[in-house]
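Chains as they are written, first to last, in the numbering used here: chain A, 1 to 361; chain B, 362 to 923.
If you're looking for bench data, these hints aren't it; they were derived computationally from the structure. Beta carbons: idealized from backbone N, C-alpha and C, even for Gly. Just so you know, not all the hints are guaranteed correct.
Below, a sample of chain B positions facing chain A; criterion: calculated Cβ distance under 7 Å [what the hints assert, rightly or not]: (1) E429; (2) E704; (3) A812; (4) Q816; (5) T821; (6) A824; (7) I826; (8) N827; (9) L828; (10) G829; (11) A833; (12) P842.
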Amino acid sequence: MPSTPVRIEALGKRFGDFTALQDVNLALAEGEFFTLLGSSGCGKTTLLRIVAGFLKQTSGQVRFGERPIDDVPAHRRNTGMVFQNYAIFPHLTVRDNIAYGLHARHLPAVEIERRVARMLAVTRLDELAHRRPKELSGGQQQRVVLARAVVIEPDVLLMDEPLSNLDAEMRVHLRNEIRALQRKIGVTTIYVTHDQEEALSLSDRIAVIQRGRIEQVGTPHEIFNEPTTRFVAGFIGESNFVPARRTGETARDGTVAFVVPGGARLRVPVRRLRSGDEAMSLAFRPHQVRLGPPADGASLNGEVVDAIYTGASVRYSVRIDPDCDVTCLALLGEDIVPLAIGARVGVHVPADAITAFPADS
Amino acid sequence: MSTSARRPSPVFAWLAARAGFWPVITLGAFIAVSALLVYPVYNILALSVSAKDESEHFVDNYVKFFSERYYYQTLINSFIVSIAAMIGAVLVGVPAAYFVARYRFWGRTFVRAAIVLIFVSPPFIGSYSWVILFGRSGLISGWFADLGIALPTIYGAQGIIFVFILQFFPFVFLMVTSGLRTIDQSIEDAARNLGSSELRSFFTVLAPILLPSITTGSLLVFVAAFSEFGTPIILGEKFRVLPVLIYGEFVNEFGGRPVFASALSAILLAVTTLALVVQRVAARRFTHGAITIRPLEVREQTLVKRSLAGAFVLLLVAIALMPVVNIVISAFLKANGPVLLAEFSLDSFRRIGPRLWTPLSNTLLFTTAATALCAVIGTAIGYIIARRGGFLSSSLDMIIMFSYAVPGVVLGVGLVISYNEPPLILTGTSLILVLAYFIRRLPFSVRSSVAMLHQISRDTEEASINLGAGPARTFARITVPMVAMAILSGALLTWSNTIRELSATLILQSGPTVTMSVEIFNEVVNANFGLASALGTILILLTFCPLIILFRMLGKREDVLV
Numbered sequence: 001m002p003s004t005p006v007r008i009e010a011l012g013k014r015f016g017d018f019t020a021l022q023d024v025n026l027a028l029a030e031g032e033f034f035t036l037l038g039s040s041g042c043g044k045t046t047l048l049r050i051v052a053g054f055l056k057q058t059s060g061q062v063r064f065g066e067r068p069i070d071d072v073p074a075h076r077r078n079t080g081m082v083f084q085n086y087a088i089f090p091h092l093t094v095r096d097n098i099a100y101g102l103h104a105r106h107l108p109a110v111e112i113e114r115r116v117a118r119m120l121a122v123t124r125l126d127e128l129a130h131r132r133p134k135e136l137s138g139g140q141q142q143r144v145v146l147a148r149a150v151v152i153e154p155d156v157l158l159m160d161e162p163l164s165n166l167d168a169e170m171r172v173h174l175r176n177e178i179r180a181l182q183r184k185i186g187v188t189t190i191y192v193t194h195d196q197e198e199a200l201s202l203s204d205r206i207a208v209i210q211r212g213r214i215e216q217v218g219t220p221h222e223i224f225n226e227p228t229t230r231f232v233a234g235f236i237g238e239s240n241f242v243p244a245r246r247t248g249e250t251a252r253d254g255t256v257a258f259v260v261p262g263g264a265r266l267r268v269p270v271r272r273l274r275s276g277d278e279a280m281s282l283a284f285r286p287h288q289v290r291l292g293p294p295a296d297g298a299s300l301n302g303e304v305v306d307a308i309y310t311g312a313s314v315r316y317s318v319r320i321d322p323d324c325d326v327t328c329l330a331l332l333g334e335d336i337v338p339l340a341i342g343a344r345v346g347v348h349v350p351a352d353a354i355t356a357f358p359a360d361s
Numbered sequence: 362m363s364t365s366a367r368r369p370s371p372v373f374a375w376l377a378a379r380a381g382f383w384p385v386i387t388l389g390a391f392i393a394v395s396a397l398l399v400y401p402v403y404n405i406l407a408l409s410v411s412a413k414d415e416s417e418h419f420v421d422n423y424v425k426f427f428s429e430r431y432y433y434q435t436l437i438n439s440f441i442v443s444i445a446a447m448i449g450a451v452l453v454g455v456p457a458a459y460f461v462a463r464y465r466f467w468g469r470t471f472v473r474a475a476i477v478l479i480f481v482s483p484p485f486i487g488s489y490s491w492v493i494l495f496g497r498s499g500l501i502s503g504w505f506a507d508l509g510i511a512l513p514t515i516y517g518a519q520g521i522i523f524v525f526i527l528q529f530f531p532f533v534f535l536m537v538t539s540g541l542r543t544i545d546q547s548i549e550d551a552a553r554n555l556g557s558s559e560l561r562s563f564f565t566v567l568a569p570i571l572l573p574s575i576t577t578g579s580l581l582v583f584v585a586a587f588s589e590f591g592t593p594i595i596l597g598e599k600f601r602v603l604p605v606l607i608y609g610e611f612v613n614e615f616g617g618r619p620v621f622a623s624a625l626s627a628i629l630l631a632v633t634t635l636a637l638v639v640q641r642v643a644a645r646r647f648t649h650g651a652i653t654i655r656p657l658e659v660r661e662q663t664l665v666k667r668s669l670a671g672a673f674v675l676l677l678v679a680i681a682l683m684p685v686v687n688i689v690i691s692a693f694l695k696a697n698g699p700v701l702l703a704e705f706s707l708d709s710f711r712r713i714g715p716r717l718w719t720p721l722s723n724t725l726l727f728t729t730a731a732t733a734l735c736a737v738i739g740t741a742i743g744y745i746i747a748r749r750g751g752f753l754s755s756s757l758d759m760i761i762m763f764s765y766a767v768p769g770v771v772l773g774v775g776l777v778i779s780y781n782e783p784p785l786i787l788t789g790t791s792l793i794l795v796l797a798y799f800i801r802r803l804p805f806s807v808r809s810s811v812a813m814l815h816q817i818s819r820d821t822e823e824a825s826i827n828l829g830a831g832p833a834r835t836f837a838r839i840t841v842p843m844v845a846m847a848i849l850s851g852a853l854l855t856w857s858n859t860i861r862e863l864s865a866t867l868i869l870q871s872g873p874t875v876t877m878s879v880e881i882f883n884e885v886v887n888a889n890f891g892l893a894s895a896l897g898t899i900l901i902l903l904t905f906c907p908l909i910i911l912f913r914m915l916g917k918r919e920d921v922l923v
């Protein structure tokens, strides 16, 4: 199946006074599964609809391969799109839904028959070919629209939160199916979602979008472990943010010392410093800390103010300062007894687990 | 360019390829609506302020109207009957809707269908039917006179108001019924739980939420009553209303006075337009956003309450349907002018036989043509308004909204003064009647298709575009099939409402283009009640047939009617 790299260059979109997208630059490799991740209203669907041709950008360019497509009408762009509400054609059977785009392309009947049959087999819809949409479950409808979008052999496959209307179990099931199908046909895919688990598990790369701007582009591993902005650190997974003050220059071991509330000194590797400011905010994940006896100057010491027992682990809130609680996740074993509320503990944070961002403005 | 001029290639295809499918359709619709509505109304306004010579001032016609009691009294009279009809329609329509929605009683399922029949039955047939029953030589008033009891007269203002209430309360009923559907049961439960009786809950909670439906329904009654022409001319006698005056001035035996009639039309139009603006503002202002999960339920009620509610509704429906039943019966009685004898006879049908063909075939032809135009163009305009932006689209929306306010009489006058001179002489042709019917019903077709399109997700059409189908193909293969039921039901309604059109028809028809409604009207005016009843029975039959199909098809969603 043909596949195309996609380039988005300096793209901007305004609706009246509202800026929906600003200076978006992305380069998608051939066959890449690329996810736009962000909360609702961040502009990710707007970007997808510009690529599909349903909206016209205010500035910038979109290219499929070397070809600019900005003046190509939506129905000539050859992008297969899967919509959030399925957008299944209610008056057509499963087979006719899938064949729709092939008829629009005036392919010979034999060719249509061949491609539809193959797609029905791939998506395991053979038995349902003559059903009407209202006789299908939500998951089946979603498979039909996926088949319908893929059978036209699009240059780019576009998916707008395709799983958000399904229940949790079906969501995980279809997620795997989408990934398998995409790998098999190797079509360049842009996937829009607000669900970070979906994004992390499906994507080759992710772009995190906030307020119409791209915050970070990277592999799921990079996005999760090497967030480049404070927003990404807070949005993907869970992070503690502790205010801190830089106390000196880079030491010989390549770390910088920070003082946090309570007086502890923490060292952060220079490569994990996102700015040279003096006042910073140190971010680290709850599961990366270790709880132990308080150690003056080396751990964040405080009192356990809350403990939520979940079986395999306990989530503690430790108040290291009247204004600052730190969340810690402790795995339980036979020899580890849960801490009582009111106990004094030290939170030990390994240097490699900390990223320093500019302090909150 | 030069090649396309030489070769007879279709202009449309050329334009569509250049400018896109929808822009061309939009422009076409805009031109059609402008020519049939904006231009005639403009001509009325222009003519009403024109002066023949130096001695006349451009406001002379208006000065004349407002300074002579003979003229301005008609405006006052119009207000009296319309406001009274509006109040009366609310007083019977709101309780009827509430009872049918909330109470279980015998005949409940039949009531909605009956109210729809009342809604579409030709108004002027209703009025002369009342004359047969309660007029000077009326059947029922005769019985009472024999008993020495003098019934209140059916003629004059009170008769008009009485008939208007019965004819137009379905507006209120249907609006309130659909309004009740949007109220969640929990709202009423909360009021009851906090200590309100059923009556108190109604007035403190339900009625305020229903206010947009009630105001919309009552203003529709007002506009309909204000524009109605058949009933006042049959029942009014010396009590004259504005539409009757317009007709009299325009179609006068001694040569009409189109300039003065234009001024009168402008005044009528001003009132109906104002009422429409009030309705829009009120509906917007009183609307409460609410989510309905569980609609209001039919409550278990005591037998007494149920019986009283049922009796009220059934009596109302029985009285309102009486004229229709009466017409059908009268058609099979022996007639001697206005006097009907209690003797079965097919005389009336035998006598209309030879004269039936022209009006019947005209009516069927005009109605079918207008219905087809409405279905096709109405759906396209609905699509433009619901799905496409831009200046032309929003202008179309405004014109369509405004066209609700244009009464049939006004439209008739406007079309005559616009198209009775070269280059385009349409007066007296069949075409002008088809066009008049088309433009009168167009807003209803447009609105139903807009409503339907708002219900279906835009995604489905975008999916089609995305799969490579162009705008025209998407409209034909995806949009139209999805709204097909709405288009069909809209067409059946257009048929029922068009076939009985009288006010514009009376002004626009000429001998060869006479219709059933005009023929009936003439027989009524000549007091040939037997013939009128036979013709009326045929017209009623033609009106009701599509509705019966519609009911079978839609499962009684009667609120699509208004």
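Would the hint on G829 (chain B) stand, with a C-beta cut-off of 7 Å toward chain A? 4 Å, holds
Hint check, T821 (chain B) versus chain A [nearest Cβ-Cβ separation less than 7 Å]: Status holds, d = 4 Å.
Do the numbers back the hint for N827 (chain B), that is, is its least Cβ distance to chain A under 7 Å? With Cβ-Cβ at 4 Å, under 7 Å, it holds.
Restraint outcome when P842 (chain B) is required to lie within 7 Å of chain A by C-beta distance: 4 Å, holds
May I ask you to test the interface hint for E704 (chain B) with respect to chain A, counting a Cβ-Cβ separation under 7 Å as satisfied? For E704 (chain B), the interface hint is violated, since the closest Cβ of chain A sits about 56 Å away, which is over 7 Å.
Interface hint check: A833 (chain B), Cβ to nearest Cβ on chain A, cutoff 7 Å. Holds or violated? 10 Å, violated
Hint status (Cβ of E429 (chain B) to nearest Cβ of chain A, threshold 7 Å): 54 Å, violated
With a cut-off of 7 Å, does the beta carbon of A824 (chain B) approach a beta carbon of chain A closely enough for the hint to hold? Nearest chain A Cβ about 4 Å off; hint holds.
Go through the hint on A812 (chain B) and say holds or violated, using the shortest Cβ distance to chain A against 7 Å. 17 Å, violated
A closest beta-carbon separation below 7 Å is what the hint needs, so does L828 (chain B) meet it against chain A? Interface hint status for L828 (chain B): holds (3 Å vs cutoff 7 Å).
Does Q816 (chain B) pass the interface hint, meaning its C-beta sits closer than 7 Å to a C-beta of chain A? Because about 12 Å separates Q816 (chain B) from the closest Cβ in chain A, which is outside the 7 Å limit, the hint is violated.
Verify the interface restraint on I826 (chain B): the C-beta must sit less than 7 Å from at least one C-beta of chain A. With a closest approach of 5 Å, the I826 (chain B) hint holds.
Checked against the numbered hints listed earlier, the structure breaks hints 1, 2, 3, 4, 11; every other hint is satisfied.
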